[in-house]
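Trainee: Spelled out from the first residue to the last, the chains are:
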Amino acid sequence: MGTAPAQIPTSFGHELRACLRCRLVKTYDQFRESGCENCPFFKMDGDNERVVDCTTPNFNGMISVMDPARSWAARWLRVGRFVPGCYTLAVSEALPEDLQFSFLQALCEEVHVQYVAPKRV
Amino acid sequence: MSRGRGEEDDDIEDEEYEDEDQFLDDEDYDKDEDVGRGRGTSSKKRRRSVFIDDVAEEDDEDDEEDDDELYGGCGKKNSKAPRVASQFFDLEAQVDSDEEEEEDEGEDDFIVETGADLPEEDAGRRMHRHSLLVREDEQEDIEALERSIHARYARSSHTEYDEETTDVEQQALLPSVRDPKLWMVKCASGRERETAACLMQKYIDKGSELQIRSVIALDHLKNYIYVEADKEAHVREAVKGLCTLFAAKIMLVPIREMTDVLSAESKAVHLSRDTWVRMKVGTYKGDLAQVVDVDNVRQRVTVKLIPRIDLQALADKLEGREVAKKKAFVPPPRFMNVDEARALHIRVERKRNSITGDYFENIGGMLFKDGFLYKTVSMKSISAQDIKTTFHELEKFRSPSNNGEGEIVGLSTLFANRKKTHFMKGDAVIVVKGDLKNLKGWVEKVEEENVHIRPEMKGLPKTLAVNDKELCKSFEPGNHVKVVSGTKEGATGMVVKVEQHVLIILSETTKEHIRVFADDVVESSEVATGVTKIGDYELHDLVLLDNNSFGVIIRVESEAFQVLQGVPERPEASLVKLREIKCKLHKKFNLQDRYRNPVSVKDVVRILEGPCKGKQGPVEHIYKGVVFVYDRHHLENAGFICVKADSCCIVGGSRSNGNRNGDSFSRFSSFKTPPRVPPSPRRFARGDPPFDSGRRHGGGRGGHDALIGTTVKIR
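Respectively, the protein sequence lines represent chains D and V.
Residues in the first sequence are numbered from 70 upward in steps of one, following the working numbering.
Residues in the second sequence are numbered from 537 upward in steps of one, following the working numbering.
Please note: incorrect hints may appear among the correct ones.
Just a few of them, taken from the derived set where beta-carbon distance is under 7 Å, the chain D residues facing chain V [what the hints assert, rightly or not]:
| hint | residue |
| --- | --- |
| 1 | Gly115 |
| 2 | Val121 |
| 3 | Ser133 |
| 4 | Ser140 |
| 5 | Arg144 |
Everything labelled a hint here was simulated from the structure, so no lab data went into it.
Positions of the beta carbon are idealized from the N, C-alpha and C atoms, including for glycine.
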């Protein structure tokens, strides 16, 4: 497999967060260090605010995708296009999503990428 | 060349089905599957349309970089099949495209590489394959095309992704026999996520040696993880060496249940402030609580409860004294009284919650306010769905200080989370939430989630569909209703007041006001006669109770009786359960009243002293010196009065003989001062009727005086 896999979360406590667009799961610190491998245009690396805006700690279930191309589960969850890594099944966001949604949409539009809100519980 | 292209394609991810071709090893595998799939790109459409129009139309699915793969496969096929033959096939394909799809064997003969054919449904794909056969002669163009396609799709890979997020597309992604299977593996409890990450790491270290595709750890399924792989052997291999997984327990998930694994998510009941919940664990298990604060990050909620604190035990504990822990003893719920706590020398600290700005009393580490206990618990230890509360519980919850504003709020959330209420056709309802709030109507049809109502207002469509959570039964004062569920079931009466969800009904049987939820009531013209009998005991029976007290049953309720105790000083009606009654009392006693007239059942007496002085009525029961008199004008205790025998006197004749002298002294006269003695000599002559009623019950009853006819001597 050619693509470099995403970082694996180093701990499993409350610092775990899921990217709101691609649902990649990593710890807060990992996001801050290297951003999101699937969504580099979010520019989370180095920016605390961005990490908080673009990721959420409220998610449900976890799937480690080793081979997104060949995995049926990854395809079903629509992470089949992303790098191998740990993803979440669904995001259960408590905040009103309007603010976040439009912000993320703006970010995505800048790079001509369509933002689709990930599946929610 | 084609192979090279095939390799590239591996890198570019796609969402296609993966064919498992037994004939091929891994490298060929990817290419050929794509051939088989034959998904077209737009350029493909263009070209194909020349040959087969309907193929292009069918090709509405995801655009992939299949172009290359298809061409690659095509190239490969070229090397095997002779040109002439393929040309021949082209025509065949065009004409007989439909038939050929059905025939798997036919295709196999011509195309060796692809090996095992698609038994799959997708007709379009097969069509594409046929059309591929055409293109062997356009290889150079293919190359150029491939490049342009690559360029195009490298850019817009993200848009492609988004096109798929419709439900129709989701259907297309259902697992097939070619997809890897899901295997359920037993795992150490609490370590599911960690295990998934470990396997990820192992995969990174080992590369493609590890033949599993993904690992799924569900939050709500403890002790198990799912591994996606083609063979059980692969799973075993991957699991080897991990101490958290038990290779002994590997189970295959049936294909039809595979999507449930990924779609199964816990139903999160939306917890908001003021929601009613019930505690699931601890000393407060089963108690009703109200949510005060929700912390989603830490999955905890702060709830308000009625405290069950044993102050004495707490005091002992704080002072270090040994407390004999009574395991089964759960203190009854009672509002916390700070002064009581202080009296027992328990330290009470007044703390201020910085967030809300409220003052709390901290006693022994627990926070109290207004008598309620505020406790922070994890979301797992409360249950928020389908909470049925009784009126009684809600009443208790009303803060001792304020009087009911909180209640209405609480009730609405209660009804929001309630199970489906029973609406029936013809019920009068009112909308309580949403845009149509306060619209009245009648129920026409009831469905799963929605109720169709016929609105009262003109200008609206005939029927409106409203969610049943937004509706509530409506009643007007004056409606005659019957209670069909809840504690007051069976009562009928007239509505006197309506307060949103609560109705006040004047009950027919007990002539009291009862409060019920609107949900529990239906309109009806039935009039309840009331229950008069439970078990062996009927209304107005004299019964002996457990603790050797006795009383008269004055009212029969659903599961218990109201009994007027046989204590003359304190007339007290208490609620007694069926099992607390020992037996009925039948014994006939004869007592004497104040003036030593014998009193027995059914005599009319008048009460001479005490709070009921002046009342009179027939005696219903006598027992141990106590008389129960029934006065229908008496408003308390259903007209029953309990008096000592010597606080009353007999009035008039016994009821049974129907011969009543209204004169209160007539009785006495027959014993003490017989004013009719002078005429006694005439007794013999006339056989004096007035005396018939006198003397004794026994004698009077017969109406015939035993003295008649006897000879007497006057001294």
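Trainee: Kindly indicate which numbered hints from before are broken by the structure, ordering the numbers from low to high.
Mentor: 1, 2
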